[in-house]
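Enquirer: Per our numbering, the very first residue in the sequence shown carries number 440; after that it's consecutive.
Calculated directly from the structure, the hints in this document are not laboratory data.
From the three backbone atoms N, C-alpha and C, an ideal C-beta is built for every residue, glycine too.
Among the hints, a few may not be true.
Pairwise CB distance ranges (calculated) [said to hold, decoys possible]:
#1 Asp455 - Asp514: 27 to 37 angstroms
#2 Leu469 - Arg563: 17 to 27 angstroms
#3 Phe484 - Ala523: 42 to 52 angstroms
#4 Thr527 - Arg565: 22 to 32 angstroms
Computed cross-link-like contacts, DMTMM-like style, restricted to lysine to aspartate or glutamate with a CA-CA straight-line distance of at most 20 angstroms [as the list claims (entries may be wrong)]:
#5 Lys567 - Asp486
#6 Lys567 - Asp467
#7 Lys473 - Asp528
#8 Lys473 - Asp539
#9 Lys473 - Asp514
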Amino acid sequence: VSATKWLTEIELTRFDAFDQYWVPRGWDALAPIKTQSRIDTPGAFTDIPLGPAVIGGVAWAQTRGIERVEVRVDDGPWRTASLADVPTDTTWRQWSVPWDVTPGRHSLQCRATDGTGFTQPEERSRPKPNGASGWHTVVVNGRAA
């Protein structure tokens, strides 16, 4: 058998008595899931036909749930997105908002608010040590079909 694996050592411990693989490398031990949202459609740097379109994506905040997602175009006012039903607070929540595409380059941004009332911050942070943050931004082009 060419793919045989052998268990050579096993150690039983408690979570609070052991640092997992990533902790000594500078990551947080508890690895919190931050309130996040992203734009899945339209895709970044795509050409979109002028007229009616839909901006859509997902948001998540495990154990807290998503209460609201807002979207804005070209730094305009925030618009509240429609949210899909979800079975639990640990489920990613799909969202969508209609948009009338006009000619030119457009910046789309989204932010989510979780069940505790916390809104995803604008400030971007790197994933290390405890997860990325910041509003997701997508740039698209409105063009005649």
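Enquirer: Look at each hint and say if it fits the structure.
Expert: Hint by hint, here is what the structure shows:
no. : hint                                : in the structure
1   : Asp455 - Asp514: 27 to 37 angstroms : violated, 45 angstroms
2   : Leu469 - Arg563: 17 to 27 angstroms : holds, 22 angstroms
3   : Phe484 - Ala523: 42 to 52 angstroms : violated, 26 angstroms
4   : Thr527 - Arg565: 22 to 32 angstroms : holds, 30 angstroms
5   : Lys567 - Asp486                     : violated, 34 angstroms
6   : Lys567 - Asp467                     : holds, 8 angstroms
7   : Lys473 - Asp528                     : holds, 13 angstroms
8   : Lys473 - Asp539                     : violated, 31 angstroms
9   : Lys473 - Asp514                     : violated, 24 angstroms
The structure is inconsistent with the numbered hints 1, 3, 5, 8, 9, although it conforms to all the rest.
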